[in-house]
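Residue strings, one per chain:
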Amino acid sequence: MQFGIFTVGDVTTDPTTGRTPTEHERIKAQIEIAKKAEEVGLDVVAVGQHHNPPFVASAPTTTLAYIGAQTENILLSTSTTLITTTDPVRIAEDYATLQHLVDGRMDLMLGRGNTGPVYPWFGKDIRQGIELAVENYALLHKLWHEDVVNWSGQHRTALQGFTSTPRPLDGVAPFVWHGSIRSPEIAEQAAYYGDGFFANHIFWPKEHTQQLVNLYRRRFAHYGHGTQEQAIVGLGGHVFIRPNSQDAVREFRPYFDNAPVYGNGPSLEDFSQQTPLTVGSPQQVIERTLSFRDYVGDYQRQLFLVDHAGLPLKTVLEQLDLLGEEVVPVLRKEFEALRAPGVPDAPLHPRVRGVVPDDATPVNARDYWTGTRAEDSNSLSDNLA
Amino acid sequence: MAKDSPNIVVVSGGLRSPSTTRLLADELSAQVSANLPNANIDMIELRELAHPIADAMLSGFPSGALAQAVESVYASDGLVVVSPTFSGSYSGLFKSFFDILERERLTDLPTLLAATGGSSRHSLMIDHALRPLFTYLGTAPVRTGVFAATQDFGGHSSAELGERIHRSVQEFTRAVTASTRDPQAFEQEVTPFTELLARGD
Numbered sequence: 002m003q004f005g006i007f008t009v010g011d012v013t014t015d016p017t018t019g020r021t022p023t024e025h026e027r028i029k030a031q032i033e034i035a036k037k038a039e040e041v042g043l044d045v046v047a048v049g050q051h052h053n054p055p056f057v058a059s060a061p062t063t064t065l066a067y068i069g070a071q072t073e074n075i076l077l078s079t080s081t082t083l084i085t086t087t088d089p090v091r092i093a094e095d096y097a098t099l100q101h102l103v104d105g106r107m108d109l110m111l112g113r114g115n116t117g118p119v120y121p122w123f124g125k126d127i128r129q130g131i132e133l134a135v136e137n138y139a140l141l142h143k144l145w146h147e148d149v150v151n152w153s154g155q156h157r158t159a160l161q162g163f164t165s166t167p168r169p170l171d172g173v174a175p176f177v178w179h180g181s182i183r184s185p186e187i188a189e190q191a192a193y194y195g196d197g198f199f200a201n202h203i204f205w206p207k208e209h210t211q212q213l214v215n216l217y218r219r220r221f222a223h224y225g226h227g228t229q230e231q232a233i234v235g236l237g238g239h240v241f242i243r244p245n246s247q248d249a250v251r252e253f254r255p256y257f258d259n260a261p262v263y264g265n266g267p268s269l270e271d272f273s274q275q276t277p278l279t280v281g282s283p284q285q286v287i288e289r290t291l292s293f294r295d296y297v298g299d300y301q302r303q304l305f306l307v308d309h310a311g312l313p314l315k316t317v318l319e320q321l322d323l324l325g326e327e328v329v330p331v332l333r334k335e336f337e338a339l340r341a342p343g344v345p346d347a348p349l350h351p352r353v354r355g356v357v358p359d360d361a362t363p364v365n366a367r368d369y370w371t372g373t374r375a376e377d378s379n380s381l382s383d384n385l386a
Numbered sequence: 366m367a368k369d370s371p372n373i374v375v376v377s378g379g380l381r382s383p384s385t386t387r388l389l390a391d392e393l394s395a396q397v398s399a400n401l402p403n404a405n406i407d408m409i410e411l412r413e414l415a416h417p418i419a420d421a422m423l424s425g426f427p428s429g430a431l432a433q434a435v436e437s438v439y440a441s442d443g444l445v446v447v448s449p450t451f452s453g454s455y456s457g458l459f460k461s462f463f464d465i466l467e468r469e470r471l472t473d474l475p476t477l478l479a480a481t482g483g484s485s486r487h488s489l490m491i492d493h494a495l496r497p498l499f500t501y502l503g504t505a506p507v508r509t510g511v512f513a514a515t516q517d518f519g520g521h522s523s524a525e526l527g528e529r530i531h532r533s534v535q536e537f538t539r540a541v542t543a544s545t546r547d548p549q550a551f552e553q554e555v556t557p558f559t560e561l562l563a564r565g566d
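Line by line, the protein sequences are chains U and L. Each number in this note's numbering corresponds to the 1-based position in the first sequence with 1 added. Each number in this note's numbering corresponds to the 1-based position in the second sequence with 365 added.
Treat the hints as calculated values from the structure; they're not laboratory data. Since the structure is predicted, the reported quantities are computational estimates derived from the model, not experimental observations. Do not rely on the hints blindly, as some may be mistaken.
Stated by the list, open to error - Residues from chain U shown here face chain L by an in silico Cβ test under 7 angstroms; the list is partial:
1) E132
2) V135
3) E189
4) G266
5) P267
6) Q275
What the hints assert, rightly or not - No more than 20 angstroms apart at the CA atoms, straight line, and that leaves these computed lysine to aspartate or glutamate pairs for EDC-like:
7) U:K207 <-> L:E436
8) U:K143 <-> L:E560
9) U:K125 <-> U:D88
10) U:K315 <-> U:D248
11) U:K334 <-> U:D299
12) U:K36 <-> U:D104
13) U:K207 <-> L:E467
14) U:K315 <-> U:E40
15) U:K36 <-> U:D322
Unchecked claim - Heads up, incomplete: computed chain U residues facing chain L, CB under 8 angstroms, no partners named:
16) A139
17) P185
18) E186
19) Y263
Each residue gets a CB set at the ideal place from its N, CA and C atoms; glycine is no exception.
With the hints as constraints, model all of the structure from the sequences given.
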């Protein structure tokens, strides 16, 4: 099972000091957070994609490549990559490039985004959000699995004889998670392709998650990818940890009360009871997280949100220490002991598992129309001369 | 596909206690019960849910007693709504409750529209404010709405109010009995992916 962190990259004023980090500080903080996550032994770091203030996360592959260059082991992912408003051709190219740069140490999570005007800003219609997610991913999937693509659809200019480059590393497309809060269509989409399904889980009652994961598992089996138990499930989590539970509550309350998502609404206590939010000691976080398994079954990836609502970098790094030292090692052991036989891990690129294909000899791409290769150009000009 | 024992939900949006809105809601509830003796009638008093409604608007989901109220509306076979008239329209709290609901879950729900107000000069509020709202929500409001001004609770106009209640409840009863709405239909629905893909063609 994989444990990690996910972020949306918000720039939020620290309500206890009134200080707002600059964009520069926040972007650099994301790198520090990722490096710390690796240092404390977490498996995954995922960054968001937004195209509006107060977020700084508009270029996930740039950020991930920078993190990738400064880390060795941690898997790079997204939370989420906007499949609705980003050109699927650019997703294919950008993420395949990242995959090569980090030797396969990446995957991605697709999402629709929830900021209305982003759709018209990118020339799309929010009323077609699901249709965009369906059509754009169908194209992305084709671009990664077929060398030469002929394609036409409703939402993008048609492609004839198009090859998305670079091709996926060793011919293995990046693993895709489909993220959703409550859209059954997205669970259905993940099941259809046999991809992973990530339930956002946080900020919402667990019933949403339970329903969608059950639907995804059922349909995963229906489409013949394996048993329901073999479906690949990820969950979000939302924690604030201090060695002493009362300290955690006291310190986190002002951040909770002013947080962009739920601030000025339900009390910290009510929200903790109604949603997966857990503010307390390492032991409390461990128990709550283990309880997720009771309603989704054995799952493959647990990501925690630890850096939002204006929490200062120093505090976030302390959270990572507590996660890495006291929470995750116990969770690893406990989940492993509980896991039913035959439940797979989340797929990793063969190179991450240490498998470099014997036939990794380069296959040179030929131009679809002329049949020539880049290295033919010399002999071609020789012939012409 | 009328049920032997339909589930009827009455939503009362009065803010004071005692409230004339609740008085009208109780009268409508009694008349519905007389017409549909096997009906299960559930009364939702919005005043008790005011804080959870505000929380749900901020957090995006209803919880606790509000979640139960929302579920009972979804599961209902007939809906009676009663709002006080504030500033010429339904109250903000009343609207907020219906803002929280998912309209897909209300499709074809037979609905009786009712309101109270300080004077009969507001009586068109039912057709100018309530009816468009419940049409937008996809419900099936019956033709006759019931508006009760303060003066209708006594004197010569009270008989007319009784007559309007009677007529509206008759229409509502027929609508509930004839309804083919299946409250469970929404939950069973999964659109197969090939169908989702084909939408782009």
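- Item | Hints violated by the structure (numbers, ascending) | No hint contradicted; all consistent.
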